[in-house]
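Asks: Let's have the full structure, built from the sequences with the hints guiding it.
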Amino acid sequence: MARQTLLAPRPTLGATRPALPAGRTGGRRIRPRTLVVAAVAWLLAALFLLPYLEMAVTALRPADELRDATYLPTHFAWSNFVDVWRDSTLGGNLRVTLLVAGGSTLLALLVALPAAYYTARIRYRGRRLFLLLVLVTQMFQPTSLLVGLYREFYQLGMLNSVWTLILCNAAFNLAFAIWILTAYIGSIPVELEEAAMIDGLGRLGALRRVTVPLAMPGIVTAVIFTFISAWNEFVMGLTLSTVPDSQPLTVGINSFIGNYTVQWNYLFAGSVVAIVPVVVLFAFIERQVVSGLTAGSVK
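Just so you know, we're using the working numbering here: the sequence shown kicks off at 1 and counts up by one.
The set of hints was computed from the structure by calculation and includes no laboratory data.
Here the structure is a predicted model, which is why all the values come from computation and not from measurement.
A portion of the hints provided could be inaccurate.
[To be verified] Derived DEER-like restraints, expressed as beta-carbon distance ranges: (1) Gly200 with Ile285: 31 to 37 angstroms; (2) Leu192 with Pro114: 14 to 20 angstroms; (3) Leu159 with Asp64: 17 to 23 angstroms; (4) Ala115 with Gln141: 30 to 36 angstroms; (5) Ala45 with Glu191: 19 to 25 angstroms; (6) Met158 with Leu106: 17 to 23 angstroms; (7) Pro213 with Ala41: 30 to 36 angstroms; (8) Leu159 with Gly200: 48 to 54 angstroms; (9) Gly202 with Arg123: 17 to 23 angstroms; (10) Trp78 with Arg31: 24 to 30 angstroms.
Cβ atoms here follow ideal geometry from the backbone N, Cα and C, with glycine treated the same way.
Replies: Below, the structure is given as structure tokens:
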């Protein structure tokens, strides 16, 4: 009898599987609350994407159809992007913005990483006061310091310079970079560095080979927020750069707004050019950004 039980035929691979109970998918039950949350999320995503869709459609409208009530134009004028690039300083403005955003991000990271590492690892006197000052400086707006910044850079002969915008953007984003990197490095166990130093590495070697790779999500978060802030900056670029070729992209796009008319198709075409690099960059490192935002929340 046991022999017959052991030799019982097994079901074939192509056998029909039993039907799942109603309300289940793949063995997991879908709750009504999950469906409601998903529907609301898709609705909010659509609401946030509608302005960008309208911007893209307007960028492709011919000049004689800008006031039409139809949502889509009769034909798409792809030449708007060519005209914007050829007849304006948009190319030079894009180059300035890339230099300013990249340079200020690199400078802020080079200063913030050692400061955050020292603050997270060394319990020195005045540590809390330093973190409080870092948080307070984040509350200052560039507009409140524009007069002083203009006078200072005017006396130094640094107006209409890319380096001026790099220094200003790095300074205003330094506090956020230090704050988030301090939280993330503080969540990394110090025993990992101690083990590396026992194996022969120094403090800098442990920082470079152990701490920096583990803190990469926090570093990426600081990089992306500093880059986006410098990319979208407008007031300092408008005040400290008066020559069109030395102005960032946000100020260059503003040139399509005249005293009496607005070139909406060119304005939105330039806006599309301005947001594409940031969207592509964020799409590549989105997971790292989400991980870095939760730095230090759970230990």
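Asks: Give a verdict on every hint.
Replies: Hints, verified against the model:
1. Gly200 with Ile285: 31 to 37 angstroms: 33 angstroms, holds
2. Leu192 with Pro114: 14 to 20 angstroms: Once the Cβ atoms are compared, 18 angstroms apart, the range 14 to 20 angstroms for Pro114 and Leu192 holds.
3. Leu159 with Asp64: 17 to 23 angstroms: The hint (17 to 23 angstroms, Cβ to Cβ) is violated, given that Leu159 and Asp64 are roughly 41 angstroms apart.
4. Ala115 with Gln141: 30 to 36 angstroms: Given a distance of about 22 angstroms, which is not inside 30 to 36 angstroms, the answer is violated.
5. Ala45 with Glu191: 19 to 25 angstroms: 42 angstroms, violated
6. Met158 with Leu106: 17 to 23 angstroms: 19 angstroms, holds
7. Pro213 with Ala41: 30 to 36 angstroms: Since Pro213 and Ala41 have Cβ atoms about 33 angstroms apart, the given range 30 to 36 angstroms holds.
8. Leu159 with Gly200: 48 to 54 angstroms: Holds: the Cβ-Cβ distance is about 51 angstroms, inside 48 to 54 angstroms.
9. Gly202 with Arg123: 17 to 23 angstroms: 20 angstroms, holds
10. Trp78 with Arg31: 24 to 30 angstroms: Between Trp78 and Arg31, where Cβ atoms are some 47 angstroms apart, the hint is violated.
The structure fails to meet hints 3, 4, 5 and 10 from the earlier list, while all remaining hints are met.
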